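The primary structure of each chain is shown beneath.
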Amino acid sequence: MAILFYVAGAVAIFATLMVLTRLNPVHGLLYLIVSLLAVAIVFFTLGAPFMAALEVIIYAGAIMVLFVFVVMLLNLGKRQVEQERAWLKPGMWVGPVILAAILIVEVIFLATRTGGAAMGAVEIGPKQVGISLFGPYLIGVELASFLLLAALVGAYHLGMGKPQKGEKEYGNRTDESRTAAGRDLVRAGADRPVGAP
Amino acid sequence: MRETIIHIVTVLVVLFVVLNIAAGLIWVERRLLALWQDRYGPNRVGPFGLLQVAADTIKLFFKEDWVPPFADKWVFILAPGIVMLTVLMSFTVLTFAPGIAIADLNIGLLFVLAMSSLGVYSVVLGGWASDNKYALLGGLRAAAQMLSYEVFMGLSLMGVVLMAGSFSMSAIVEAQRKMWFVVPQFLGFVLFLIAGVAETRRLPFDIPEAESELVAGFHSEYSGMKFGMFFVGEYVGVVLISALISILFFGGWLGPVLPPIVWFLIKMFFFIGFFILLRAALPRPRFDQLMDWGWKLMLPLALANLLVTGAIVLAVR
Amino acid sequence: MLSVIRTLWHIFLHAFHPRVTVQYPDEKPYLAPRYRGRIILSRDPDGGERCVACYLCAVACPVDCISLQATEDETGRRYPEFFRINFSRCIFCGYCEEACPTYAIQLTPDFEICEYNRQNLVYEKEDLLISGPGKYPDYSFWRVAGVEIGGKGKGESEREDPPADLRSLMP
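Residue numbers (the working numbering), protein chains in the order written: chain D, 1 to 197; chain H, 1001 to 1317; chain E, 2001 to 2171.
The shape of chain D in the complex, shown without the other chains (with noise of 0.2 angstroms):
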């Protein structure tokens, strides 16, 4: 378990790295993803399975998903790894490198103080976690349920928008084509003038 626990913290450490490091945003995502998964078998490993399970389902399998999505949709070329190969100079990244450092620094002071717990020593079911979550920490889960309800309701009045004028408009013409031709939908339109729209 040790072992395992060590490969997956440093495949994650490696991974996280080569996130920072692409120039190319999808494979940057690629490593992200790996990254989330060997944070799940660092879970599993410490004896929390449901927690692994989730972190596989929510963050690498649905989340990470949608962050794909979206970047398939904007439109990158060449033209963004240039711009990426850019930003990648040694003066853009060493100041935040050298802050991260002094924090890591800290991190490894801390953990060494106060000593680690046993690693997997009580293995943390469903069950455990749905009494925690419902129990001591029941204001947490409702304040983040608010929280998802405002984003949802958000989300909602976002998407509601109202069809474009011009869409409206070609829907109307096309109705009225039709209706004109006795929903006969093979000649529909076919009395237009040549040329128009």
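Any given hint could be a false lead.
To be verified - List of simulated lysine-lysine pairs, DSS-like, C-alpha gap at most 25 angstroms:
no., chain 1, residue 1, chain 2, residue 2
1, D, K78, H, K1059
2, E, K2125, E, K2135
3, E, K2135, E, K2028
4, H, K1178, H, K1063
5, H, K1073, H, K1059
6, H, K1063, D, K78
As the list claims (entries may be wrong) - Here are a few chain H residues that sit away from chain E, every Cβ distance over 12 angstroms (derived from the structure):
no., residue
7, V1011
8, V1013
9, W1036
10, Q1037
11, D1038
12, G1041
13, N1043
14, L1050
15, Y1134
16, V1182
17, E1213
18, P1260
19, L1278
20, A1280
Stated by the list, open to error - Stretch by stretch, here's where chain H covers chain D in the computed footprint (C-beta under 8 angstroms, at least three residues):
no., stretch
21, 89-95
22, 134-144
If you are wondering where the hints come from, they were derived from the structure by calculation, not from laboratory data. None of the values given here were measured: they were computed from a predicted structure. Just so it is clear, CB atoms sit at the ideal spot from N, CA and C, and this is done for glycine as well.
Starting from the known structure of chain D, fit chains H and E onto it as the hints suggest.
Relative to chain D, chains H and E alone:
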């Protein structure tokens, strides 16, 4: 040591049987479709055309394995691997009969859901890496379709989980000794069936590859054995969903007289046949209709089913 | 929803319907005698070639797949020196048969003329000629045509009067 060997043998046997059933489905599907369309289907190669499977396999292996120069090479090669990997991984947690299982995880059902949610990537990435507008459209449709149907696929199974009190496959089957879950969970069964069809991208929900609109959808650019992986992956998916339905709703291996594994296979093949009947009978819906059904009809129904089941389970205990 | 189940049931019942497939190589379909298939050249009831090399078939052919060369034997009877049909071009429209004044070129109810080599689809006269009269068993062009050929003088054809004596005043 002995246990390890038995374990490895089980893995190999399950892999062998599943892949063979999937390959055999090529023949079964064509014959059954023909049966329901008043035709004969392949009946020339070997007895009853059974060797058609071998002929098709040989053909796929000898076709040129072509990677288009404009494709994103590594992602293009990776995509068909993902579909096979995720679907075959799901079989590891299935319990086919008492003692015949690779790993009876206590989160078995969640594992299956996780693998099926990862399976989306094969289609999406295959469509994206092909750098072809039809493939991209197919990939986009697949992403939206499978994401939406996954949501209530999981929720429709939660009723079963509530009644069995476990995510483990063997525990769920054992909980059906008195009554198959299809009776109390009929709504869940119907929802899962529909979601299963959508998850395997089978007709009538084969919108990502709708050949009348998108050439071949996400696998337009694939050839040879890479196409074969998508092809067989789809059939393995059908086997998986049929096996899941028979385990979760129809009592898996439970049944009188015959040995358990035979009961399991009978139930599984019944649903495989049903999947093919669906293909023979139903036309493909429009994409917006599919999304409408998923979010506006199936999801509320699944939530209502979960709520009522939960309430009843709480009241009875 | 109910209609979906009804559809499924009706499709399922099709399993017990009779098949519509004709098992072709084992079981040949019926083709009408006037089916437009492989083209042949027929012969007179007495065994001579019917074709008089008038080129009408070659003219009528919309895809120009017929080529021939006319010649005459020593008695003045016209016949094709070569007659060539390129079946890889032929569209089996039957115009050549309609154009033929002597019923020589005919289409037959045979369509199994596949070849692995395209060149083999070019049929020469010896491939096209059959030994019988085809669809018109009693017709013989040379017996009714008022032309002088070997073995038949002027006025000796069927339903033909002997040639009028131009120098006589008798009716």
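Structure-based check of all given hints:
1. The hinted pair formed by K78/D and K1059/H fails the criterion: a straight-line CA distance of about 37 angstroms is larger than 25 angstroms.
2. With a C-alpha separation of about 19 angstroms, the suggested pair K2125/E and K2135/E falls inside the 25 angstroms cut-off, and the hint holds.
3. Proximity of K2135/E to K2028/E is assessed by CA-CA distance (about 21 angstroms); at most 25 angstroms being required, the pair is judged to hold.
4. Between K1178/H and K1063/H, the direct Cα distance comes to roughly 52 angstroms. Violation of the 25 angstroms bound is thereby established for this hinted pair.
5. Proposed proximity of K1073/H and K1059/H is supported: the alpha carbons are some 23 angstroms apart, at most 25 angstroms.
6. Distance restraint check for K1063/H and K78/D: the Cα-Cα separation of roughly 32 angstroms exceeds the 25 angstroms cut-off, and the hinted pair is therefore not satisfied.
7. Every Cβ of chain E is farther than 12 angstroms from the Cβ of V1011/H; the closest lies at roughly 37 angstroms, confirming the non-interface assignment.
8. The Cβ of V1013/H lies farther than 12 angstroms from every Cβ of chain E, with a closest approach of about 33 angstroms, so its non-interface assignment holds.
9. At roughly 5 angstroms from the closest C-beta of chain E, the C-beta of W1036/H falls inside 12 angstroms, breaking its exclusion from the interface.
10. The Cβ of Q1037/H sits about 7 angstroms from the closest Cβ of chain E, inside the 12 angstroms cut-off, so the non-interface label is violated.
11. With a least CB separation of 5 angstroms from chain E, D1038/H falls inside the 12 angstroms interface cut-off, contrary to its annotation.
12. A beta-carbon of chain E comes within 12 angstroms of the beta-carbon of G1041/H; the shortest separation is about 9 angstroms.
13. A cut-off of 12 angstroms between C-beta atoms contradicts the statement that N1043/H is not in contact with chain E; the least separation is 8 angstroms.
14. Every C-beta of chain E lies more than 12 angstroms from that of L1050/H, the closest at about 17 angstroms, which supports listing it as non-interface.
15. The claim that Y1134/H is not at the interface with chain E holds, since no C-beta of that chain comes within 12 angstroms of its own (minimum 29 angstroms).
16. Distance check on V1182/H: its Cβ is at least 16 angstroms (rounded) from any Cβ of chain E, clearing the 12 angstroms threshold; non-interface status holds.
17. Interface exclusion of E1213/H from chain E stands, the closest Cβ pair being 22 angstroms apart, more than 12 angstroms.
18. No beta-carbon of chain E is positioned within 12 angstroms of the beta-carbon of P1260/H; the least distance is around 28 angstroms.
19. At the 12 angstroms boundary, the C-beta of L1278/H falls inside the reach of chain E, the nearest C-beta of that chain being 7 angstroms off.
20. A1280/H, annotated as away from the interface, has a beta carbon of chain E within 12 angstroms; the closest lies near 5 angstroms.
21. With a threshold of 8 angstroms between beta carbons, the proposed coverage of the stretch 89-95 of chain D by chain H is violated, since 0 of its residues qualify and at least three are required.
22. Counting residues of the stretch 134-144 of chain D whose beta-carbon sits less than 8 angstroms from any beta-carbon of chain H gives 0, not enough to reach three: the coverage restraint is violated.
In summary, the numbered hints that this structure violates are 1, 4, 6, 9, 10, 11, 12, 13, 19, 20, 21, 22.
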